[in-house]
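Peer 1: We have chain A already, so just place chain B on it with the hints.
Protein sequence lines correspond, in order, to chains A and B.
In this text, residue positions in the first sequence follow the working numbering: the first is 83, and each later residue adds one.
In this text, residue positions in the second sequence follow the working numbering: the first is 2, and each later residue adds one.
One or more hints might be untrue.
[To be verified] Here chain B is said to cover these stretches of chain A; the calculated rule only asks that three of the stretch's residues, wherever they fall, bring their Cβ under 8 Å from a Cβ of chain B:
#	region
1	103-110
2	182-190
[As the list claims (entries may be wrong)] DSS-like mimics (lysine-lysine), calculated; alpha carbons at most 25 Å apart, straight line:
#	chain 1	residue 1	chain 2	residue 2
3	A	K85	A	K192
4	A	K180	A	K192
5	B	K14	A	K180
6	B	K58	A	K141
7	A	K85	B	K58
8	A	K192	A	K137
9	A	K139	A	K153
10	A	K153	A	K192
11	A	K85	A	K137
[To be verified] For the chain A half of the interface with chain B, some residues (derived, Cβ under 7 Å), not all of them:
#	residue
12	Y114
13	N177
14	G179
None of these hints come from the bench; they were simulated from the model.
Built from N, CA and C at the ideal position, the CB exists for glycine as well.
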Amino acid sequence: SQKIEQNSEALNIQEGKTATLTCNYTNYSPAYLQWYRQDPGRGPVFLLLIRENEKEKRKERLKVTFDTTLKQSLFHITASQPADSATYLCALDSNTGKLIFGQGTTLQVKP
Amino acid sequence: KAGVTQTPRYLIKTRGQQVTLSCSPISGHRSVSWYQQTPGQGLQFLFEYFSETQRNKGNFPGRFSGRQFSNSRSEMNVSTLELGDSALYLCASSPEVYGSEQYFGPGTRLTVT
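The following block holds chain A by itself, in its conformation from the complex (with noise of 0.2 Å):
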């Protein structure tokens, strides 16, 4: 069946850092791969959007790959911030509509 993993445990950082997050999948053939952040309460606020031909996506300090051989995504932050301390979540598509997504993964900034 279709499996999208990310890594359970929190992650812990110091700030300045930078935080890699991972996205693994299985039986599945996205089209395209999505990374969006979560605030307790809130509903999850769009990051980035990496498509399958694409291996890299930055945005300020926001970079995001994308290997469909070893069905992964890395998402990084650089220069990380107490304030980039939230939930994050990788999302998949296979050009349906229909997006999956990821169980999370929280980090923790700590000054």
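Peer 2: Quick look at chain B alone, frame taken from chain A:
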């Protein structure tokens, strides 16, 4: 532009009752999706509507239904509520048919007692 709005924000219902949740997408967005979020299952896809037609459906029982109106506003209905239906219900709208980011509303927190 105003964001996605959902009403009500909070609801408490009793087992066996039914509930209707409402979603107003961002102006100009014709695709509306609904999700259920619980601590145990995470964010799960319920269904997606485009131009008043349900295009996709997740793995939920028939008690969960929805519809979309000509102005793109959407409603979802849950009949014969069960305790396990307690969750945050999120609506999201999208500007494109496929391959586009989704804009989420604040959600409706449903508690079934």
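Peer 1: Kindly indicate which numbered hints from before are broken by the structure, ordering the numbers from low to high.
Peer 2: 1, 3, 4, 5, 6, 8 and 10
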